[in-house]
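Based on these hints, arrange chains Y, C, V, H and U on the given structure of chain G.
6 protein chains.
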Amino acid sequence: MLNTLIELQRLKRLDRTGWSLRGLPNGTESVAAHSFGVSVTAMLLADEIASRGLQLEMERVLRMALLHDWAETRVGDMPRTATHYFGADARKLAEGRAFADIVTGVGPAEAAYQALYDDYEQRQSVEARIVKAADVIDLLVQAYALERAGAKGLDEFWEVATAADFQLPPIAQTVVRQLLDSLLAERRKITEGNAGC
Amino acid sequence: MLNTLIELQRLKRLDRTGWSLRGLPNGTESVAAHSFGVSVTAMLLADEIASRGLQLEMERVLRMALLHDWAETRVGDMPRTATHYFGADARKLAEGRAFADIVTGVGPAEAAYQALYDDYEQRQSVEARIVKAADVIDLLVQAYALERAGAKGLDEFWEVATAADFQLPPIAQTVVRQLLDSLLAERRKITEGNAGC
Amino acid sequence: MLNTLIELQRLKRLDRTGWSLRGLPNGTESVAAHSFGVSVTAMLLADEIASRGLQLEMERVLRMALLHDWAETRVGDMPRTATHYFGADARKLAEGRAFADIVTGVGPAEAAYQALYDDYEQRQSVEARIVKAADVIDLLVQAYALERAGAKGLDEFWEVATAADFQLPPIAQTVVRQLLDSLLAERRKITEGNAGC
Amino acid sequence: MLNTLIELQRLKRLDRTGWSLRGLPNGTESVAAHSFGVSVTAMLLADEIASRGLQLEMERVLRMALLHDWAETRVGDMPRTATHYFGADARKLAEGRAFADIVTGVGPAEAAYQALYDDYEQRQSVEARIVKAADVIDLLVQAYALERAGAKGLDEFWEVATAADFQLPPIAQTVVRQLLDSLLAERRKITEGNAGC
Amino acid sequence: MLNTLIELQRLKRLDRTGWSLRGLPNGTESVAAHSFGVSVTAMLLADEIASRGLQLEMERVLRMALLHDWAETRVGDMPRTATHYFGADARKLAEGRAFADIVTGVGPAEAAYQALYDDYEQRQSVEARIVKAADVIDLLVQAYALERAGAKGLDEFWEVATAADFQLPPIAQTVVRQLLDSLLAERRKITEGNAGC
Amino acid sequence: MLNTLIELQRLKRLDRTGWSLRGLPNGTESVAAHSFGVSVTAMLLADEIASRGLQLEMERVLRMALLHDWAETRVGDMPRTATHYFGADARKLAEGRAFADIVTGVGPAEAAYQALYDDYEQRQSVEARIVKAADVIDLLVQAYALERAGAKGLDEFWEVATAADFQLPPIAQTVVRQLLDSLLAERRKITEGNAGC
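Residue numbers (the working numbering), protein chains in the order written: chain G, -2 to 194; chain Y, -2 to 194; chain C, -2 to 194; chain V, -2 to 194; chain H, -2 to 194; chain U, -2 to 194.
Warning: the hint list may mix true and false statements.
Claimed, not checked - Partial chain Y-side listing against chain U, Cβ under 8 Å, derived:
id, residue
1, Pro22
2, Ala108
3, Gly147
Simulated from the structure, these hints should not be mistaken for lab results. Here a beta-carbon is modelled for each residue, glycine too, at the ideal position from N, C-alpha and C.
This is chain G alone, in the form it adopts within the complex (with noise of 0.2 Å):
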């Protein structure tokens, strides 16, 4: 178990390199710092779509936020240009692999946490496209937050938000496009703001 927490404190360090290649600052977000906001995000979402009625593995939900970015130790933060020339299937093949050998010798839920991942990986359970949801989300609302600050050149981001189908049952998705739209909304406010007329 100390070799897989030693191994993950890296994401503490390792920047997220959207920003960095869009000339943000070095240190803007770590990798760590991203992953606690797309675990916050989902227990928000997913808390939120369950008071709705649909129901969810919560737990499941929760653990898959956590581990779906461990791979990253081993492969870096890939742009997502770098998908384009290795190829989307090449990209999940190499960080399945990074993975699973993260989390080889970790102990008895070793198997558990391969799942997990394959699951997320693979978008099969409503619980893995919540989790997609939220990583999205949390790089919107990043993103927002950045250009409150004084952030510019990200609109490329914000084409997802408006695009974005994750496949979900209908409530879910309805308080998913809610979210995003009054995201939206909160950001028309600064860039109106920032236009100024």
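Just chains Y, C, V, H and U now, kept in the frame of chain G:
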């Protein structure tokens, strides 16, 4: 829900004061990155403990780990010495009220979050004590990772590694003790290598 | 004396929390850098005020400005919201006790430093009120410098620029008011340029 | 040409992942800074080798050194372990396609840049092998500079210093060997000073 | 040769003062990263110019670009205003002597490096003037990249974009002019978007 | 006055070059933070000296400490080696002219600031010499704090600790000597602990 998510983004940027006060560079570890570390450590720890026969409410463990530091968005990451000057009770009270304000209006799970926070602060359940142990272990694994990269002057953190009593039931206590002992053994390798004689 | 000097080095690394919480990069401003700004502002302000006929104990002004934030080595740079949750009195008490411990054993001037600190905290003398005005002015000049370099989302800091009443005698009040007004005028140039219409 | 220049700016901000993963601070070394180091090292190395009688196409050396890492604007700075999971061939293929896209439309020298990149990737010419040696030497001189400033945990980088075989002709091999040996000697001074016995 | 390589590592960490003085974060651009940008720009520029029929010694261009800022390891990255106070001649003299000391003992190419440096400083050859143009262009492309990411207050840098006369022969002058014009056009897109009317 | 305050903000961001050139991270210490350290050290030093019977103009000490580095907003923080290449006289002359321009129009105290600056530069008064001693002591206490946190390669700074002669009267000389000796004793504890034998 959105307001809470936006506010919690602040934890991604907030430096853990302990490292800054000991002369390590800004950006060494954010509160969000630490919360991720605590959550992952709690998950691995609890899975190991459960596999040895102690029944645990896993969902509670994960939720508590994720939310235990939220109050820092309003109170900041106070150094240990601050507790000495404010008093432990005053600190708990202030952080508790900050937490309550943060989750106000977060949605249907508001009361549940508050109950989890209170449990953690009072360390009543086994789950809360395991999260506290995870909090300390992630601190020490981070200290180890920094020392391995050349940092010095962190000895005082390590005193807790031998002294800490988390009031855990025997099975859990054994797992935590073994993990701490193997960490201390890893550390000896680098501090001895340091001395190099 | 050496122990105090070593402890105060910590202020060079401690980030001013206000900027981090608003999404600006780590390292934006240290407490030591701010204390320098306050001291310089206090010197210029007091010299201008004195030249208009108000007699001031200049040495007190400079000493108070230099030592007013020392307690932060032990209590950290608490965000404003923290005062809300701890209460202004509890905060003053805690910082006062931290300051007392820091100067214990510093040498023959220990009592004098304590008296200056108490005066500043209670804003009894004109000198203390001028240092407080300098504290606010340096904050605003820093905010202006950040905005000029592209930062946004700092509006709430500027409210104090119109509202602040430092309880100063007329001559001092006029100087402070003129300085704040010319700062607000400079700021309008960049925020209007921003809007760009 | 402008599009390429704008895209290559990204290398100035992109952190070399190897240092981050080993716990060194963000901003330790950018890809652009490393490319500068490789180019300068290649120039000095090639001049020394040429002065001993081996004829070299100096212009090729300099061009190859300058462009060998351009693909990282799209693929990121992948850690070594990533190569293990993707396979060295897949990585070369992906980086080669990214490079091709970057130089598309750069102007009349497009084909020349592509040929230089291919030569470097296949290490066919002596010039390509000298640039590869410069790539490794700059990495080690950087590691030495970091260790001299207090960094630890970089031992694995140094294994290549004794093991590396760059397939160079005898004159070039001698120069590289001498340079590496004198670097190892410098390093011994600080690691022994470290141990301090 | 090793001593020179070790000393030049310093350029990877040395911040370009111009950005710091305008309130941008530490680590915005190192001297080494800028030197890389200048070298790449010079290569692309010279290749374009050569393709239009002006004969150039390409090797000289690349060498000059790589070494033109080496003196900063000993003299620092002085802000423009420093030249005003020291005098341009005194600055050239000091940097020239620093460069001479850096390359002393570097090996057989020492005299060649010195000649290239002197040519660059005196802008005698067409090659030197192209490198100077590349120096300015990389500065402006960096400024553009920063502005696109939200930076403000960099207007004074752009004055050179319309005013600069690099004393180039017509073909080269045309290429530089076209590049600067297309950069100014790109910039207008973001500054107008900024104003947003 | 406002223009001067805005310009001096730059010192909060300007890195002390000495640390960067020795491989420490950007942001290690700003010029403003150092000026704060010098001012505090000068205050404590002067109070101790005065308590032993040497009469001092305390206000002069504090003012000189606060303003002695202002010229760096225009000239930058030049490394020591730069003085070698420019000559100490040329450097003093340039910094003196920069200082004069900075305080032009600052208000009624302009001449007084200029006189204090000139006194400091010429080290005529006891007060000026005490500030110079404080300048060196703050440098060494910072070096000690960095070494305690793991930094290496700072030995050359410490030579001054045994060699420095500040031309102080006996009482002042004794106080400075005692402070330096106790600092050297503290340092021996960590360097010996380092060697660990």
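Hints that the structure is at odds with (numbers, increasing): 2
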